[in-house]
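Asks: Use these hints to put chains Z, B and C with the ligands onto chain D, whose structure you have.
Listed below are the residues making up each chain.
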Amino acid sequence: MIFEILIYPGFVFLVLISMIYYGILRKLAARMQSRIGPPIWQPILDFIKLVGKEDLNPEQAKAGFTLWPFIAITSVLIAGLLTPIAGIVPLSFTGDIVVLIYFLAFGSLAVYLSGFSSSNPFGVVGSMRGLIQMIGYEFPFIVSILVPVVAAGMLSPFLINTLQIHYGWFGFVFPFAAIAYFISILAKVEIPPFHTPGAHQEIVSGYSTEYTGTRLAMIELTHMIKLFVLISLGVALFFGGSADMVTFLVKSLVLLFVVTLARVLVARFRIDQILKFTWFFGLVALIDLVRVMVFI
Amino acid sequence: MRGESKEEKAKEKELERQTYSLPVGPQHPMYIEAENLNVYLDGETIVDVDVNVGYLHRGIEELMQRRNYLQNIFVAERICGICSGIHSMTYCQCVENLLGIDIPERAKYIRTLVLELERLHSHFLFLGVVGYEIGMDTVFMYVWKDREHVMDMLEQVSGNRVNYAMPTMGGVRRDIPNHIIPSMLEKLNHLEKRTEYYRKLFLRDRTIIARSRGVGILPKKDVERLSIVGPVARASGVRIDVRMDFPYLKYGDLDWKVIVEKGEDSQARVMVKVLEIFQSISILRQCLKKLPSLDREIKTKVPLAIPKTEAIAIMEAPRGELVYYAMSNGTDRPERMRIRTPSFVNIIYSLPIMLKEQQLADLPIIVASIDPCFSCTDRMTLIDTKSGERKTVDETYLKRLGERRSR
Amino acid sequence: MFRRIGDKIVCYARRKSPWILHFDTGGCNGCAIETFAVLTPRYDIERFGGLSKANPRHSDILIISGAVTKKIESRLRRVYEQTPEPKAVIAVGSCAISKGVFHDAYNISGPLDRIMPVDVYVPGCPPKPEAILQGLLKALDVWRERYKI
Amino acid sequence: MRLIGEALKNVFRKPFTQKYPKVKPLVPEGLRGRVEHDKNKCIYCGLCAKYCPSGAIEVDVKKKIWRYDMGRCLFCSQCEEVCKYMVRKNAITMARDFEHAERKKSRLITIHRKPKPEK
Ligand code: SF4
Ligand code: SF4
Ligand code: SF4
Ligand code: SF4
Ligand code: SF4
Ligand code: SF4
Ligand code: SF4
Ligand code: SF4
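Chains as they are written, first to last, in the numbering used here: chain D, 1 to 296; chain Z, 1001 to 1407; chain B, 2001 to 2149; chain C, 3001 to 3119.
Looking at chain D on its own, in the form it has when it is part of the complex (with noise of 0.2 Å):
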């Protein structure tokens, strides 16, 4: 138990294995755009790097300013141990999938209030777009994650996992709800179209604008790890779910493909595209979620 919360596939695993799909992300990005691109491992050494850095203190930081981006680390953290990796999950108790949508929304929050503490204009302005962009793409996440568990019954996700691994894919039973997921994984990480709150074209680096060292490589770990987190959820609830480490890999790096597609393909929206996109994707996965409702 403690080594499964630890090492595998608890904290150490989950930290590593981010930053390298992270840094997969990276180089697929570069080869897309016909560069050459960083090795896989660069989120690593930029990691180390940025640990190794000074750390500034603004002298118009609000309280809080270090605090935050430990808690947002934390939460999605906890998020990772909830959710099944290759069909294991290292913390399971009852009703998790409702505590892993909190804790996974609860680390978004709390980078979004890390830049409200740092009291920066170009920090303000990107924590606030951040939080309206929340309240665009919580709305299709939460809908497209209930249409399995209202199918299946139960709140677990390690359930959900297994169950489809004997009721074929719910992704294809519900592909609205699975494209509505899609859309909100790019949402909730940022990822192009959605890198509104830290466009570096207006805003500088928004949220983390104030940030140096340490705290910064924990906001950027935030997010390394909130994608494989989503990408292994999707894959859980989704995608035939997963029992052996082969079959999760190739499913998520499938899935971490098409992310990176989307992030290479497409422009930026703006805030209120942003909230007509997703909210549309909420409401064709309600489809889904009435055609549950209504036929079992």
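Rather than coming from a laboratory, the hints here were simulated on the basis of the structure. The C-beta atom is built at its ideal place from N, Cα and C for all residues, glycine as well. Please note that a few of the clues may not be correct.
20 Å max Cα-Cα, derived EDC-like pairs, lysine to aspartate or glutamate [stated by the list, open to error]:
{"hint": "1", "chain 1": "C", "residue 1": "K3104", "chain 2": "B", "residue 2": "D2141"}
{"hint": "2", "chain 1": "C", "residue 1": "K3024", "chain 2": "C", "residue 2": "E3099"}
{"hint": "3", "chain 1": "B", "residue 1": "K2008", "chain 2": "D", "residue 2": "E54"}
{"hint": "4", "chain 1": "C", "residue 1": "K3104", "chain 2": "B", "residue 2": "D2113"}
{"hint": "5", "chain 1": "Z", "residue 1": "K1299", "chain 2": "C", "residue 2": "E3080"}
{"hint": "6", "chain 1": "B", "residue 1": "K2087", "chain 2": "D", "residue 2": "E54"}
Counterexamples of contact, computed for chain D against chain B with all Cβ distances above 12 Å [stated by the list, open to error]:
{"hint": "7", "residue": "F13"}
{"hint": "8", "residue": "A63"}
{"hint": "9", "residue": "G64"}
{"hint": "10", "residue": "I71"}
{"hint": "11", "residue": "A105"}
{"hint": "12", "residue": "L131"}
{"hint": "13", "residue": "V149"}
{"hint": "14", "residue": "Q273"}
{"hint": "15", "residue": "I287"}
Replies: Chains Z, B and C with the ligands in isolation, oriented as in the chain D frame:
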């Protein structure tokens, strides 16, 4: 820019109370150069903008008055690294107008060729930057990848990728050898294919359209009122292009047409540039076809000191009309240089109109769509320091000067 | 002992992940576009782990081009202060090294090394992107020596 | 989304990137890389210094010293032209190498003195 009068100050106070301001620049990812826009926001909507220029002001006109004519070619070139060619060529043209001399035919073709290559590279750069500003790195990467072919050609022709140092007084400094022409034509074919791809991309890609259509409207009447120039004006349906209106070098003899779009928005400005790339490619092909049949003379002799007169030269830079005015005093240094650049008008006057009531998220694409570049905006404006007198130059006088321009 | 190994790892990571900030301080922006070109497929700074961050607080290496004008000088100092240690400064182009063609213009307060310590000089007007890359790689070596373990 | 074909193709294509530090790029014949000065051909007339737009060359005509600061040079080859066409000595040529990054500013400076005539 905000004045100092009482009313304006009161207005400013009022603005500050209602809104919050966001400094964009001088160090900001939105543009390569340093410039400062103070954006007043209400939520995500832009209420007002202050354009604060001058961060790159180096005092070039004054500098040019202290250097001799030959050195000034390179000073003029370094007003800006993007249209470096047009600056040095307009300068040389201006000096040749002072002397009233003509340059050899081959030199004219080579100058035209370099200018069009420069327009190509500048327009490709612009397309890439547009992609970058709307958050589409891939477009930026692809366009700049193809731009490398143009840079290769420029390097091959002139010996440097950015500051070509091609023209000199009375001609050009380097000849284009015949053996590089086939490879250049090949590259042009490749570029044409790619441009066709980008034309479809910018015209049809859903996400690009969502971000650029109907954004940053600059009505035709404002363009005419504020005398905005270049592709920005052409995208609002105003047919101005110095190359056609007052043909210089070989533009009068070549076959091409002015691109005009009616859209008035960011997308129209992008499309104007895309279509101009095709025009440039066609002009380049014509030049390259003509070159081998011309005789090899590329330079005429010019005296180093110029008797007291004055002259102007106008050319179409990638971003609009560029005017050089020079006054000589009998020595080998100009008495007065004055440069009027396109971006100055385009930035100062059109930005506040286009940005008002827009979303903050559209700021980069709007700013990018007029292709701002601040190096030439921030030259210097100085009234004759030596005599202290200030001449008023009226229109007929300018016309008279203009007539003396050699073709 | 563990400290030393840790330091070595951090040092290695630093050399493999230079995040750059480019700032044009009043040149002709020829150097600016060439620095921009370093990000693009042909030169691809990302294969050395480099990313263009455009935010001084996130960057490790400042690539500064252009003769420093008087108006921008204070801003430049602030950018330098906002960059957390360890950092390196690369002066790109003749303008930044010695004010280049603007050496006697009245509104210039450069050269760059009067304002901040410069680690690597990349001459050229503008230098080829390859030369800028070479300067960057050299700056990484400087690092290893300056923060040597 | 129109980029999708191009992007997918690129995954399997060779990247466009030059492997720069390992493989040196090809440079065109006429590249203006660096000023190369032949101290034997030079007559130390100082004309190149007069026409250099940035003052990168300084010539002490009396002591016969030619000093060149690469950190200030614009690589415009004006000096080459002056020496070739005005002085007709051809003492200056433009070399094609371009990797000049240095850690010390002083290493960018070249000083040439007129060599002692050999007996
Ligand atoms: S050039 Fe002079 S007259 Fe013309 S718009 Fe500018 S400031 Fe006004
Ligand atoms: S218009 Fe722009 S690119 Fe052209 S010279 Fe001016 S600053 Fe440079
Ligand atoms: S008008 Fe002249 S002095 Fe005034 S900001 Fe513009 S360039 Fe500088
Ligand atoms: S003419 Fe020159 S000095 Fe007069 S207001 Fe315009 S920029 Fe200023
Ligand atoms: S004084 Fe008048 S003519 Fe002269 S530069 Fe200024 S606006 Fe133009
Ligand atoms: S060094 Fe040359 S190219 Fe670079 S900014 Fe200065 S003048 Fe422009
Ligand atoms: S012009 Fe030629 S000969 Fe005269 S000093 Fe310069 S290099 Fe020597
Ligand atoms: S190349 Fe140009 S700037 Fe360099 S020394 Fe020669 S004349 Fe001067």
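Asks: Does each hint hold? Answer for all of them.
Replies: Now for the hints, and whether the structure bears them out:
Our distance criterion of 20 Å between C-alpha atoms is met by K3104 of chain C and D2141 of chain B, whose separation comes to about 14 Å. Only pairs whose Cα atoms come within 20 Å are accepted, and K3024 of chain C paired with E3099 of chain C is accepted, the gap being roughly 10 Å. Distance restraint check for K2008 of chain B and E54 of chain D: the Cα-Cα separation of roughly 17 Å lies within the 20 Å cut-off, and the hinted pair is therefore satisfied. A hinted pair counts as satisfied when its Cα atoms are at most 20 Å apart, and K3104 of chain C with D2113 of chain B qualifies at roughly 11 Å.
About 16 Å separates the Cα atoms of K1299 of chain Z and E3080 of chain C, which keeps this hinted pair within 20 Å; it holds. The suggested pairing of K2087 of chain B with E54 of chain D holds, with an alpha-carbon distance near 10 Å, which does not exceed 20 Å. Chain B leaves F13 of chain D outside its interface by the beta-carbon criterion, the shortest separation being 20 Å against a cut-off of 12 Å. Listed as outside the interface, A63 of chain D is consistent with that label: its C-beta sits roughly 20 Å from the nearest C-beta of chain B, beyond the 12 Å cut-off.
No beta-carbon of chain B is positioned within 12 Å of the beta-carbon of G64 of chain D; the least distance is around 18 Å. At roughly 21 Å, the least C-beta separation between I71 of chain D and chain B is larger than 12 Å, which holds for a residue marked as non-interface. Distance to chain B confirms A105 of chain D as a non-interface residue, since its nearest Cβ pair spans about 26 Å, more than 12 Å. No Cβ of chain B comes within 12 Å of the Cβ of L131 of chain D; the nearest lies about 21 Å off, and the non-interface call holds.
At the 12 Å boundary, the C-beta of V149 of chain D stays outside the reach of chain B, the nearest C-beta of that chain being 39 Å off. Every CB of chain B lies more than 12 Å from the CB of Q273 of chain D, the least distance being 24 Å, so the non-interface label holds. Every beta carbon of chain B lies more than 12 Å from that of I287 of chain D, the smallest distance being close to 41 Å; the non-interface claim holds.
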